[in-house]
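J.: Which chain is which? The protein sequence lines are X, Y and D, in order.
Just so you know, we're using UniProt numbering here: the first sequence kicks off at 1 and counts up by one.
Just so you know, we're using UniProt numbering here: the second sequence kicks off at 1 and counts up by one.
Just so you know, we're using UniProt numbering here: the third sequence kicks off at 1 and counts up by one.
Honestly, I wouldn't trust all of these hints.
If chains are identical, the list can't say which one is meant, so a pair holds when it fits in one copy or spans any two.
[Stated by the list, open to error] Result set (DSS-like, lysine-lysine): computed pairs, CA atoms no more than 27 Å apart in a straight line:
(1) K33 - K138
(2) K53 - K165
(3) K505 - K442
(4) K176 - K53
(5) K442 - K348
(6) K348 - K255
(7) K505 - K348
(8) K348 - K176
(9) K449 - K502
(10) K502 - K348
Read the hints as simulated data drawn from the structure, not as lab findings.
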Amino acid sequence: MQHPLPGHILYGGDYNPEQWSEDVWLEDMRLMKLANVNMVSINIFSWALLEPKPEHYHFEQLDRIMDLLHEHGIAADLATATASPPTWMSRLYPSMLPMTREGVRMSHGSRQHYCPNSPDFRRKSAALVQRIAERYAKHPALKMWHLNNEYGCHTGQCYCDNCAKAFRIWLQERYKSLEAVNTVWGTNFWSQRYYEWEDILPPRISPAQNNPGQTLDYWRFMNDSLLGCYRIEEDILRAITPNIPLTTNLMVAFKPVDVYDWARHMDIVSFDMYPAPGTEPSWNALHHDLMRSAKAGRPHLVMEQSPSQVNWQPQNPHKRPGQMRLHSLQGVAHGADGILFFQWRQSKAGAEMFHSAVVTHEGNEHNRIFRQAAQVGAELAKLSSTVAGASTQAEVAILLDWENWWAVEYLPGPSDRLHYMEIVGRYYHAFHQQNISIDIVKPESDLSKYKVVVAPLLYMLRPSVADNLENFVKQGGNLLTSFFSGIVDENNHVALGGYPGKLRKLLGIHVEEFDPLTPTMNNKVIIKEGTLAGTYPAEVWGELVHTDGAQALGTFGEDYYANQAALTVNKFGNGNAYYLATQSSQEFLGKLAHEICQQANVQPLLSIDSDIEVTRRITTNGESVYFLLNHQQQARQVTLPQGTYTSLLDGATVKDQLTIPAMDAVILQAH
Amino acid sequence: MQHPLPGHILYGGDYNPEQWSEDVWLEDMRLMKLANVNMVSINIFSWALLEPKPEHYHFEQLDRIMDLLHEHGIAADLATATASPPTWMSRLYPSMLPMTREGVRMSHGSRQHYCPNSPDFRRKSAALVQRIAERYAKHPALKMWHLNNEYGCHTGQCYCDNCAKAFRIWLQERYKSLEAVNTVWGTNFWSQRYYEWEDILPPRISPAQNNPGQTLDYWRFMNDSLLGCYRIEEDILRAITPNIPLTTNLMVAFKPVDVYDWARHMDIVSFDMYPAPGTEPSWNALHHDLMRSAKAGRPHLVMEQSPSQVNWQPQNPHKRPGQMRLHSLQGVAHGADGILFFQWRQSKAGAEMFHSAVVTHEGNEHNRIFRQAAQVGAELAKLSSTVAGASTQAEVAILLDWENWWAVEYLPGPSDRLHYMEIVGRYYHAFHQQNISIDIVKPESDLSKYKVVVAPLLYMLRPSVADNLENFVKQGGNLLTSFFSGIVDENNHVALGGYPGKLRKLLGIHVEEFDPLTPTMNNKVIIKEGTLAGTYPAEVWGELVHTDGAQALGTFGEDYYANQAALTVNKFGNGNAYYLATQSSQEFLGKLAHEICQQANVQPLLSIDSDIEVTRRITTNGESVYFLLNHQQQARQVTLPQGTYTSLLDGATVKDQLTIPAMDAVILQAH
Amino acid sequence: MQHPLPGHILYGGDYNPEQWSEDVWLEDMRLMKLANVNMVSINIFSWALLEPKPEHYHFEQLDRIMDLLHEHGIAADLATATASPPTWMSRLYPSMLPMTREGVRMSHGSRQHYCPNSPDFRRKSAALVQRIAERYAKHPALKMWHLNNEYGCHTGQCYCDNCAKAFRIWLQERYKSLEAVNTVWGTNFWSQRYYEWEDILPPRISPAQNNPGQTLDYWRFMNDSLLGCYRIEEDILRAITPNIPLTTNLMVAFKPVDVYDWARHMDIVSFDMYPAPGTEPSWNALHHDLMRSAKAGRPHLVMEQSPSQVNWQPQNPHKRPGQMRLHSLQGVAHGADGILFFQWRQSKAGAEMFHSAVVTHEGNEHNRIFRQAAQVGAELAKLSSTVAGASTQAEVAILLDWENWWAVEYLPGPSDRLHYMEIVGRYYHAFHQQNISIDIVKPESDLSKYKVVVAPLLYMLRPSVADNLENFVKQGGNLLTSFFSGIVDENNHVALGGYPGKLRKLLGIHVEEFDPLTPTMNNKVIIKEGTLAGTYPAEVWGELVHTDGAQALGTFGEDYYANQAALTVNKFGNGNAYYLATQSSQEFLGKLAHEICQQANVQPLLSIDSDIEVTRRITTNGESVYFLLNHQQQARQVTLPQGTYTSLLDGATVKDQLTIPAMDAVILQAH
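Produce the entire structure from the sequences given, and follow the hints as far as they go.
T.: Structure follows, in structure tokens:
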């Protein structure tokens with residue numbers, strides 16, 4: 001299928017008219033036009049209305065909603081309504097309800113109360129999707145399919161007997177023989193050997209630490225189980241509406257759902273973006289870059305963001321004036337071609353009645369929240385013709401890997417302070433603050449287009465990864481990796497013969513011991529020469545490193561590995577491989593990233609001397625559009641590189657110097 | 001029935017002679033007389049002794065205890081013994097045991113292990129009450145019935161199938177149709193619509209936030225379920241002994257039990273008073289005022305307090321010398337006509353063996369605890385003829401509402417910092433420290449007798465409440481209410497069209513946004529003029545308030561609503577309606593309360609310039625008795641208003657100046 | 001049987017060759033010889049390999065391992081393999097799996113997933129032990145039996161129906177009648193009386209505090225249940241191999257397992273020693289002294305310690321260089337005749353893959369961890385001929401009691417700050433820092449050989465204990481006991497008539513009230529005269545103490561018991577009985593211990609003025625061997641008493657002055 005996005009920026013939100021009487025619907029249409037809305041997601045939680053009794057379907061209301069949208073020129077992102085089964089289903093099929101690790105069966109009464117391996121759930125949801133697809137295949141409002149909703153949310157893992165059975169089948173497919181499972185899981189340890197398939201269970205609560213091999217496979221299996229639900233719907237929809245693009249709203253970098261796996265089956269990657277108050281702008285940026293990279297750089301969508309306050313944090317302050325707009329523009333800056341909200345009209349009852357919406361409880365357009373949403377709508381419409389479909393080019397890649405995440409955070413030691421995404425975020429931030437483009441890719445990706453590759457905490461190396469990294473460096477690339485990388489293979493088996501296993505040659509080091517530090521322990525990194533010279537903190541982790549070809553750029557300052565290497569670089573082929581054996585400060589990481597970029601000749605997108613964020617999108621005509629985002633609470637002066645620019649939001653011609661107000665953005669098209 | 005209290009102050013405690021051999025009982029009688037005990041509560045946990053086998057009742061021991069009390073002139077507050085069923089009951093009727101939200105069935109082995117909706121529990125407990133009532137109806141020791149014990153303690157909510165069934169019946173009675181339930185709960189949200197009654201369940205654990213409407217109704221239902229147990233006993237007892245007053249020991253302002261509902265069915269309101277070490281005296285005062293107000297000002301009882309240390313806190317220090325006496329006199333000062341202890345004689349085994357008792361493990365009268373109890377007994381005897389039956393008059397009322405409590409603390413946002421009773425306590429404290437009388441009443445109460453009404457955090461407005469408040473102010477009353485009031489109706493549906501809904505006209509404001517603050521956020525209240533001029537903290541909550549007729553007395557100092565109203569007053573009819581849009585300091589609330597009292601011409605009970613507590617009771621002859629309570633660790637000088645007073649504890653005649661020692665009290669009868 | 005240890009110091013570790021291919025085994029033999037290993041524990045988690053199907057046993061691999069060890073002169077500590085049943089067992093016998101107090105059934109998938117009262121587990125494990133014993137009875141490698149593994153670890157208490165049934169039988173044996181159970185548990189309290197045995201259950205989760213009598217008996221019962229499992233194996237092994245000594249690896253002072261009870265059935269006491277980073281050396285010392293004392297002074301074994309990092313703490317740093325060696329020598333210093341590790345070769349998979357081992361993931365001898373282990377092996381070999389079998393003599397005993405522990409920490413008040421082992425540790429530390437020998441014994445022990453007996457927090461006095469203490473003091477002994485001692489009898493019934501019950505006469509005091517302090521409360525101990533003169537902190541606990549024959553050495557400084565006794569001494573017969581009514585600082589306890597040792601003429605082992613640890617072992621020839629252990633991070637100068645010594649580790653002759661490097665030790669044989 002061709003590029004599935006329509007060539008303009010999408011703007012809208014989740015629309016739940018079934019919560020309101022029909023006289024409100026027309027008012028909604030008026031307000032949507034006022035806010036420049038051009039697409040809404042509907043039908044997400046409508047199963048109970050569509051199928052009030054088993055096999056009795058009622059589509060009359062949905063028909064009216066679809067028609068209404070079409071009449072008003074608003075596209076429908078039509079959901080398959082499978083995220084929350086009707087209450088009668090859990091009565092008829094009690095084993096459909098998910099179960100905790102402790103054996104507690106969940107009840108209906110909130111949402112997403114299904115086991116992804118329930119045959120009943122799968123059969124009933126497929127039947128519903130079939131009906132919906134057949135009924136609306138030709139409806140002119142239908143522009144996108146929204147499969148289910150936030151897969152894995154609330155029930156990332158289920159431990160019921162349905163899952164036990166499916167897990168065994170999954171294992172049989174993966175490993176063929178029980179002997180292979182025993183080998184991979186190392187079941188001679190603790191007398192865990194299996195002699196019958198039926199003895200294999202989910203890693204339910206047990207007296208001590210569960211088998212890490214079993215647990216890792218359970219993460220894989222549950223990701224596949226959720227994806228299995230998606231693919232059942234996918235197959236139905238592709239058969240009936242081959243030209244309607246498919247998406248589901250992913251949930252940032254969410255541990256149960258491997259974005260890369262899923263993106264292969266989605267036409268458009270979309271996700272829900274709910275940064276907590278005080279979140280670093282680089283955290284948002286990382287997620288946009290991930291979603292864009294997951295589909296090889298194709299524009300993605302923000303399927304949900306909050307117009308202002310949410311309702312599920314301990315306290316839920318509003319987004320401050322300008323913040324929602326800045327986040328929206330940041331999304332576009334990083335490659336999004338659509339910004340949608342949860343939700344259009346604020347509920348008056350139910351668990352999300354205090355979650356903000358574009359139309360507040362006041363019910364009109366005369367308030368801060370609606371006005372701001374309407375402004376953003378107008379601005380995106382202005383940008384649309386230039387920016388929609390524009391691409392992003394990156395010379396730096398950060399490796400992200402779900403299997404590694406699952407493995408490295410399941411504690412049989414050595415430290416509970418290894419929070420993978422946090423550590424990835426630290427490295428991302430260090431490069432992002434240089435104002436360069438970054439892709440977030442899998443370790444097996446083609447790395448040849450990058451000058452710098454960063455692999456934080458790459459504990460697990462799947463078979464081809466070490467070779468991939470060696471080739472990258474050999475051909476002139478610059479690699480930066482960290483402590484506790486290269487420790488295990490894809491089976492979570494330690495690479496024997498000296499850490500970091502298959503990375504030893506590339507890094508030119510040998511790690512004799514790794515030494516997790518308690519919060520009261522710390523060390524120092526001492527660098528004596530060069531631009532990095534100084535003394536920096538060393539926390540969380542220390543190591544006893546021997547160089548074996550590499551050069552020690554920095555050493556530890558204390559403890560029994562004082563004066564031994566803490567930061568090394570190894571010339572390998574035409575490139576360099578850096579290794580940082582501890583966690584240092586964000587300041588140090590920034591300096592190190594700068595140094596490596598210099599060496600790799602990776603330049604900032606705009607050479608301005610300021611703490612604003614800069615990104616670039618390249619239009620289908622090959623022109624550069626620069627996004628200058630000021631996340632600070634004060635205005636910033638920016639000196640532009642030589643040239644003349646058009647400011648796309650106000651049409652002004654700009655050159656030389658520019659002031660960007662606090663929490664504001666300027667978008668410049670270069671000529 | 002006539003006034004159910006006997007015209008003298010009751011003094012005594014829980015008496016559990018079944019834990020002791022009979023030779024100890026006579027010693028108990030001697031010690032009770034020594035301590036001026038005139039009533040004891042018996043038979044509370046005796047079901048297992050009374051009914052050792054199903055349908056085999058043995059009353060011989062209880063007969064002897066009743067006779068013994070009568071012989072010694074001590075009244076029996078005879079319990080119905082239904083609080084803890086015998087162990088054989090949970091074997092015969094396993095579904096009688098309560099169940100947690102996660103489906104864990106509780107075991108016997110401690111106490112109160114029953115589901116209030118268990119038909120078996122209800123049938124068996126009714127049979128027991130019938131037998132007890134018939135047997136002791138004419139016994140001369142019987143002066144009061146003590147129904148069950150601390151209803152709701154430990155099992156405020158049960159989630160078993162008995163409860164599920166009863167909940168459906170309760171819903172049918174309240175809402176008549178399933179459609180009405182769907183509407184009230186807003187079940188079109190998240191696909192929660194019910195098509196069959198049998199699909200409705202208690203709000204058991206589910207993957208996400210349960211429906212707030214369902215949860216609110218479950219609180220109502222469980223309160224009614226517990227009250228249902230009470231009413232079964234009530235009906236039996238009223239039929240057999242129409243002239244014996246009924247009580248049950250409530251547990252302060254305890255969330256599962258709506259004191260106002262229950263008080264309608266009780267002849268005497270009694271409660272258990274266990275302040276933690278360091279509790280503010282105003283907290284005790286609030287609860288006494290609540291219990292007195294719940295029965296329209298009739299004297300109440302302290303059914304349990306601790307002679308000294310308790311056993312259920314993390315650490316259990318003793319009450320310091322004088323403290324128990326001061327608490328007892330404070331109870332009388334606020335309207336109590338009886339002070340009883342848990343318990344008379346300290347157990348030598350069991351879960352309460354380290355809870356203090358009047359007779360300690362030493363077993364005699366020669367120790368601090370017994371001596372102090374005996375002193376209090378003697379003093380109450382002295383006060384009795386003057387004070388018993390005396391009334392209290394208040395010009396200030398604070399509104400308290402259980403349904404509001406249940407609704408506002410069930411989080412679908414916006415903040416987990418809204419602790420209703422804590423916030424009510426802050427407002428109570430502000431007025432209480434002015435030494436004025438306060439009633440604690442329901443929002444629907446007749447407010448015409450008050451000059452000031454305070455409605456903290458009145459999130460829910462039931463149908464007539466807005467009118468009640470408008471009428472109060474229109475006729476010259478002064479109302480003070482706070483942020484997040486007037487948000488929802490009785491169904492927990494948001495009042496659309498602008499906050500605070502039906503209070504907008506009365507308050508003359510329009511709240512565009514409420515903004516819950518995190519612990520690291522704060523703002524300021526700035527008041528430029530008048531007696532309140534100054535800058536005060538603003539925490540927990542901010543708002544974007546527009547005046548719409550009201551006058552802004554104070555404004556916010558920071559953030560995007562800086563310079564907009566934080567404290568407003570609206571002249572409405574002949575009165576004033578104040579609104580405080582944030583949580584400020586206790587100091588500020590005190591000033592504000594003082595200002596409002598001045599304006600409303602509410603004067604302190606005694607104009608003394610000291611930090612002692614003062615209350616007044618008005619005797620049946622119309623004379624004033626003033627209680628001067630010094631809760632401080634140092635003595636206080638008090639200058640009395642002109643006149644001569646009799647000090648009731650020592651008979652002295654007092655005028656002009658008076659010293660009250662630390663932790664001591666003086667009780668003055670004015671002439 | 002004769003002294004079961006072989007006359008030399010054992011050195012080795014857990015060996016799990018089944019995790020490795022056979023070619024690795026020969027390399028293991030080479031490395032073991034290099035490290036001076038002379039014994040390994042094998043077969044601990046091999047049940048699944050030995051019995052792959054019910055009743056199908058396969059010993060071929062174990063045969064080869066036993067033969068290999070014998071060929072290389074390494075003794076086998078052969079485990080019975082019963083600690084982790086095969087997975088098929090939990091399918092065939094689901095009731096074999098343990099259950100939590102909340103009714104959650106544990107799953108297999110980790111280890112030790114058995115209920116100790118499961119008839120299936122007991123029958124199947126006995127059959128396995130029988131087979132193993134028969135097969136290897138005559139094998140020349142067999143030198144010791146290792147029963148099961150870490151009994152009670154993970155499943156200290158099970159609450160299933162098997163346990164309920166066994167608990168009733170246990171109660172019938174202990175109490176004969178149900179009436180006696182009712183009396184002991186005080187079931188007239190809270191209507192808990194039992195009329196049928198079948199109504200008695202484990203103390204499962206219930207609405208309130210479970211009955212303390214029931215809970216105490218459940219601790220006793222579960223200890224006996226675990227010991228019952230041990231004794232089934234013991235009987236089989238003693239019948240088949242009467243000359244092979246039995247041990248099981250205890251887990252320090254572990255609450256579920258009463259070391260004294262168990263030691264009676266063990267030929268050699270061994271235990272697992274895993275101090276957390278930063279643990280005081282005195283804590284290790286206490287446990288060695290306990291294990292030695294449990295078997296009347298016979299040398300014990302460290303069955304497991306970690307060569308370096310472990311994997312089950314939040315963060316797992318390495319043992320610093322020298323630390324493992326110092327801990328090993330400290331063990332020998334306190335009476336151990338063997339030091340073994342978990343484990344020999346580090347696993348490459350499974351839940352302990354990041355637990356250190358003698359052979360690391362590098363797999364060779366060229367690293368810090370192996371080199372250090374080899375050094376310790378060589379040093380123990382040097383010490384062996386002199387030290388093995390040497391004894392320890394102590395003049396000070398500290399009383400330790402499991403039943404007291406179980407009773408005093410089950411909260412029905414009065415304080416959750418009474419951590420028994422922590423308080424015992426404080427008293428131990430105070431005496432240990434004087435460099436004197438200490439035994440850790442039961443309260444009923446023969447105390448006549450001691451000069452000082454310390455009884456911290458001896459809340460429970462079993463029948464003969466008061467007499468035992470009185471006799472000890474009467475004959476000239478010095479007793480030191482603390483607050484909250486002598487409160488209850490063996491049934492957890494309070495001793496009525498005044499605290500501390502049966503200790504009143506001996507201590508010459510009467511405690512009217514005990515007053516648990518919150519963390520924000522504190523008091524002072526004021527001592528006006530003598531070597532202890534000063535003001536000291538008083539925390540956790542205060543008391544209202546009256547002297548009744550005793551002399552008040554110190555008084556409280558504040559609160560309502562200011563100026564009343566805080567520290568007393570009572571002359572009783574020829575001895576002195578001290579009582580400390582509060583918890584003071586470690587500094588004060590040290591001074592008090594010093595004072596009491598002076599008075600009792602207990603002298604340090606070596607009179608050196610330094611903060612190093614000194615112990616003495618007396619060889620079978622009657623010669624003294626002194627262990628001087630420097631736990632500090634700096635070197636220490638030591639002045640030796642007159643005489644000449646041989647330094648056993650290096651053979652040097654030493655006199656007068658000596659320097660001990662940081663984290664190092666010197667072992668001197670006196671001549």
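J.: If a hint holds in the structure, say so; if it does not, say that too.
T.: Quick rundown of the hints versus the structure:
no. : hint        : verdict
1   : K33 - K138  : within (24 Å within a copy, 80 Å between copies)
2   : K53 - K165  : between (29 Å within a copy, 22 Å between copies)
3   : K505 - K442 : within (22 Å within a copy, 60 Å between copies)
4   : K176 - K53  : between (42 Å within a copy, 21 Å between copies)
5   : K442 - K348 : between (43 Å within a copy, 25 Å between copies)
6   : K348 - K255 : between (32 Å within a copy, 25 Å between copies)
7   : K505 - K348 : between (63 Å within a copy, 21 Å between copies)
8   : K348 - K176 : between (54 Å within a copy, 22 Å between copies)
9   : K449 - K502 : within (23 Å within a copy, 63 Å between copies)
10  : K502 - K348 : between (58 Å within a copy, 15 Å between copies)
The structure shown violates none of the earlier numbered hints.
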